[in-house]
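Chains as they are written, first to last, in numbering that gives the first Met the number 0: chain C, 0 to 380; chain X, 0 to 257.
Think of the hints as simulated: they come from the structure by calculation, not from any bench. Even glycine gets a Cβ: it sits at the ideal position worked out from N, Cα and C. Worth double-checking, as some hints may not be accurate.
Some chain C residues close to chain X (C-beta under 10 Å, calculated; not the full set) [to be verified]:
1) Gly248
2) Ser250
3) Ala253
4) Arg255
Below are the SDA-like pairs computed for lysine to any residue, each with C-alpha atoms no more than 20 Å apart in a straight line [to be verified]:
5) C:Lys206 to C:Leu87
6) C:Lys378 to X:Arg147
7) X:Lys106 to X:Glu127
8) X:Lys106 to C:Leu87
9) X:Lys106 to C:Leu242
10) X:Lys106 to C:Thr259
11) C:Lys378 to X:Phe149
12) C:Lys378 to X:Ala129
13) X:Lys106 to C:Arg270
14) C:Lys378 to X:Ala121
15) C:Lys180 to C:Val170
16) C:Lys378 to X:Lys106
17) C:Lys378 to X:Glu132
18) X:Lys106 to C:Val274
19) C:Lys378 to X:Arg119
20) X:Lys233 to X:Gln248
21) X:Lys106 to C:Arg244
22) C:Lys378 to X:Glu127
23) C:Lys196 to C:Asn186
24) C:Lys378 to X:Val18
25) C:Lys378 to X:Glu135
26) C:Lys378 to X:Glu146
27) X:Lys233 to X:Val18
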Amino acid sequence: MSAPLWPGALAAGLVTALAIAFMWAENEWEVMAILVTAAVGTVLARRTGWLAPATRAFTERESAMNRLAILGLVVFVAFFHDDHFPLLMVGTVLVYFLVCLGLTIQFGYAGMVNFAAAAFLGVGCYTAAVLTAHTAIPHLVVLAIGGAVAALIGSILILPVLRTRGHYSAVVTIAFVLLFKTFLEVNDTLGGPQGLKLPSMQVLGWKFNQNFSVAGIEFSFYVSYVLVALALVVVAFALTRRLERSWIGLSLDAVRLDDTAAACFGVHIARWKIVAFTLGNFMAGVAGALYALMLGFIAPTNFTFGDSLIMVSIILLGGIGNPWGAALAAAIVVVLPEKLQLIQEYRFLLYAALVILVLLYRPEGLLPRRLRVYLPGWKPR
Amino acid sequence: MSAPVLALEGFTRRFGGLVALDQLDMTVGEGEIVGLIGPNGSGKTTCFNVLTGIYEASAGRARFLGRDITNLPAQAVYEAGIARTFQRSRLCLPLSIVDNIMLGNHKRLAHGLWFNLFRRAAFARQYEQAFGEARELVRVFDAPLAERMFEAVGTLPMIDRRRIEICRALVSRPRLLLLDEPSAGMTEEETRELMDDILEVRGRIAGLTIVIIEHEMGVIERVTERCVVLNFGKKISEGSYREVAADRQVQEAYLGVE
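So that you can see chain X by itself, here it is in the shape it has in the complex (with noise of 0.2 Å):
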């Protein structure tokens, strides 16, 4: 394995009394998919909202890219180069999919107000540009999608909706994604879809390494090359999918065996 691309160390988040993540400790190489599970509670999506600047950390470190990067603000994480999706969905549904998917293409764009106001000429040429990857990007997960780049979020299903999401995070070429249960409220063939279009995608962006947050087994089982299972907010197991699966403590956590 490589230098990690993501390192924690002892990162822990305390809610008054109660300890959402507790001492976690996890590494994650380059172009590595590492799946975070455990049962409801267990402190996965805290750990993205940590680590992504919505909640501070109350004690141990992160580091990205050698950086640490503990406790900056949402904005400076994204600026590093991570970008995530939410559990649930977080679009701008009265917005149209090129709105959407350009939110997420923030850092590449010009936002002075001389540029935006003024330069229109140039302007132009950089929408025209950054249009244009967008549209290449959507093709990837549907053709058809990218034919309606001008549509409304809100009237789209469920899975294009996952699928611009996740376009959102991937159009400013991020070093990591975060992928906060992915496949939620979608059946079983549209998940499997989607994680072919992950996959491809994966094999575009040189280096793209990711953390998966998913209760659907099937899912972790094929996508990820390495688990991490949270329960009370701690580690208690780490490896790959069979070895977790076999391991007793995680079955205790799933189904609660004594």
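Isolated chain C, as found in the complex (with noise of 0.2 Å):
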């Protein structure tokens, strides 16, 4: 058949040791050596040509290679079943990966830079807050409600955004972010600037907030919204897959590299931005109704431009418009500056040297969008 698997395997398994070694580390000294290792044996191994078989088994073997994604993570949650911290770092990782999933699709495949995403993450933290205070909708149908809400929230913008042309739209969604944070501000309904409490998630009963334990193991009560979360970035990331493996993904590009000629040839670019932009605005619109259920607290000082410009980041570091690059970002991106707290101070310092670092060397970013694959593992006969 086609590439081994083995070598992606051992990429996936020694990339999940590394992530563990990475958590486990207590001192900085230790995480700056981990960190290091890393950066220089991916070095190597692309110099010595040992990493080709690994990108080879991550394109022709994918299915396997992404349930062996999902094994990696399940493998870390397991090894820090009862630790707080380390559960979560992935649960927030993985919520800005789904916001990140959302953005791929309208900055990645339709070309709309959108500088609202903590905005639209925002709209769903509020809607899940005030739901669940004051109505009895099961949860999960919350996650949705979050995401409708964003989405329609975004049809206010999508007017103005539609009107403008090429990046001028941006100005459009940094107009919103900040007017949306102001907004929050002074709104006392919505807590103002002290936010608002939300209760545990619940799901069929079962109650997040609290520690359980199976087969005598305990379990953090963050397992099950880890578990939550890489359910909906599954969700979200087969259909992003889907999406730009389509005649609809094809129309986005379209729509990104060259309206006129796209127009010249039936794509209806005002209907495309509109799908995108919903589509993404959804999605960060789940991921902020599950983050505030996670934190249980939330306040307008997490929905800033400056969160935004971070999303936007992660998208450009990752590789604009590979999903597998926003992962791999949005990990970097969250994680960095809580283990190393001494960069903590300079975060935004250190993201905006990296971006820059990374749009001079390597300007398609980590993980660079390759060639559009309609039907993985098809030969023309």
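Make the complex out of the two chains shown on their own, each in a separate frame, by following the hints.
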């Protein structure tokens, strides 16, 4: 058949081991050492050509590798099963990843730069906060409503976004994210600057906010959230992939690359921009609803322009239009400052420097997007 | 000559005070290859752009197969059966050859969200069929190129890009093909090859009508049956290549002789 699976499996195993070691490391020197090992190891593997078989496994044995990636995450969670902090980190990375899958559709495919991702995440958060406090709607449904409300509020923005061309639509979204935070701060019903508290998430009577034990092993309550986040990410990832590998993905690319030529071949520019924008905001909203329930407390300071910038920088860093790139970059951007307290203060400075370096030396991101493969594994006769 | 495929009446486009296209009357019959020529800035490309809905016409009408298509949006013009290429190649360079050709196949592919996301088996069948057709078409132009369908267009030389652009325009089986300076940026040899291919494809697609903008007079002489000559947006001559080439007004327009 096609490429052997084991180099990919080995790579996935190493990444998982590295991630566990990274989380396990106590002092900053250990963290640094692991980071340097990972970076040097990757570069060396590339130079010696050892990376190539692994890359081939990722492209040619894709569905197997997707399962291995999930397995890697499950192993990670199992390893830290009673440790709150690493699990909270994983949950946060998954939430950011979900938002960035939405951004991948908007920015990576349709070319609409959305600097309001944090605002749409916030819409999802506040929707969840209000609904769980005042209604008895089941929490899984609340997640969907969070997405729907974000998509709906996005549709207010769509008119000015469609009327502007190119990067001017980015300015519209910047205005929105600034407006959104101010609105939250002055709005007393939504808790003003103090924010809102949320109850524990509950699914079919299962309360998320308490530790639980299975077969005598104690699990952190975050495990439940991580599993829900993982399920959402898997679904969103599959949808994003299918979208890319379809005529719609092609139309979105055409809208981004040359809208005049696209229009001359029947592509309805506005329609696909609306689809991409709405779908992306829906994902951000769902992510927000889960994020709010997981944190149990939200405040306007979580949804600033700066947070939106971080999300866009995740896309730039990972590789525009490549969902795996977004996953890697989300992990780096979310976890790194938490483990390296010394850079916490200079977080934004470092991101800025990192993004500039990437744009200069690897403009396509850490994991550049590949050419479209409509049907994986299919070969013309 | 049979009933016209395309009929322009008083076709006009103004940009502020400049009349880029001035009262153009022109008909193109089924299966004809008509050359649209004239010096730089004489309104040839403007004519294509107004016709395909990129600009609005300031006055006049365009009829295509008996139907009024004046000022229809670009998408509707394409749906009606008019496809074009661009003067400066407008392919999506980061995308593959298949992608670029499929883009031209838009009206024959299903674009429903449900179909594309959840009916993957049906999608796969549609893809296989469309891919086969696209590869057949590329093969007419260049057989080796048909084996490189999954390569990015940005890595190809100019002649291959032109081929792909013409395939993109032809894949939806349009009734009218508008070629905007297909020889631009190519050697004489390459141009000759490309023209041979275009003529061959025309033989295969029944009733394909072509309007071609070209500066290379050798091309015009060889492929067109009739020419329309523009100068400052106005039609100054019409007829076979020999006739227009002998026309004093045309010579003045090109050479500027008194």
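Outcome of the hint check:
1. Gly248: Hint holds; Gly248 (chain C) Cβ to chain X Cβ min 8 Å, cut 10 Å.
2. Ser250: holds (7 Å)
3. Ala253: Nearest chain X Cβ about 5 Å off; hint holds.
4. Arg255: holds (9 Å)
5. C:Lys206 to C:Leu87: holds (17 Å)
6. C:Lys378 to X:Arg147: Between Lys378 (chain C) and Arg147 (chain X) the Cα gap is close to 12 Å, so the pair holds against 20 Å.
7. X:Lys106 to X:Glu127: Between Lys106 (chain X) and Glu127 (chain X) the Cα gap is close to 16 Å, so the pair holds against 20 Å.
8. X:Lys106 to C:Leu87: Violated - the C-alpha atoms of Leu87 (chain C) and Lys106 (chain X) are around 48 Å apart, more than 20 Å.
9. X:Lys106 to C:Leu242: With a Cα-Cα distance of about 18 Å, the restraint between Lys106 (chain X) and Leu242 (chain C) holds, given a limit of 20 Å.
10. X:Lys106 to C:Thr259: Satisfied, since the Cα-Cα distance of roughly 16 Å is no more than 20 Å.
11. C:Lys378 to X:Phe149: holds (10 Å)
12. C:Lys378 to X:Ala129: This hinted pair holds, its Cα atoms lying about 14 Å apart.
13. X:Lys106 to C:Arg270: Given that 20 Å is the threshold and the Cα spacing comes to 15 Å, the pair holds.
14. C:Lys378 to X:Ala121: holds (17 Å)
15. C:Lys180 to C:Val170: holds (16 Å)
16. C:Lys378 to X:Lys106: With a Cα-Cα distance of about 25 Å, the restraint between Lys378 (chain C) and Lys106 (chain X) is violated, given a limit of 20 Å.
17. C:Lys378 to X:Glu132: Holds, because 15 Å separates the two Cα atoms, which is no more than 20 Å.
18. X:Lys106 to C:Val274: At roughly 19 Å apart (the allowed maximum being 20 Å), Val274 (chain C) and Lys106 (chain X) satisfy the hint.
19. C:Lys378 to X:Arg119: Distance of about 16 Å is within 20 Å: holds.
20. X:Lys233 to X:Gln248: With a Cα-Cα distance of about 12 Å, the restraint between Lys233 (chain X) and Gln248 (chain X) holds, given a limit of 20 Å.
21. X:Lys106 to C:Arg244: holds (18 Å)
22. C:Lys378 to X:Glu127: holds (10 Å)
23. C:Lys196 to C:Asn186: holds (15 Å)
24. C:Lys378 to X:Val18: violated (53 Å)
25. C:Lys378 to X:Glu135: holds (16 Å)
26. C:Lys378 to X:Glu146: The given pair, whose Cα atoms are some 11 Å apart, holds under the 20 Å limit.
27. X:Lys233 to X:Val18: It holds: about 9 Å lies between the C-alpha atoms, which stays within 20 Å.
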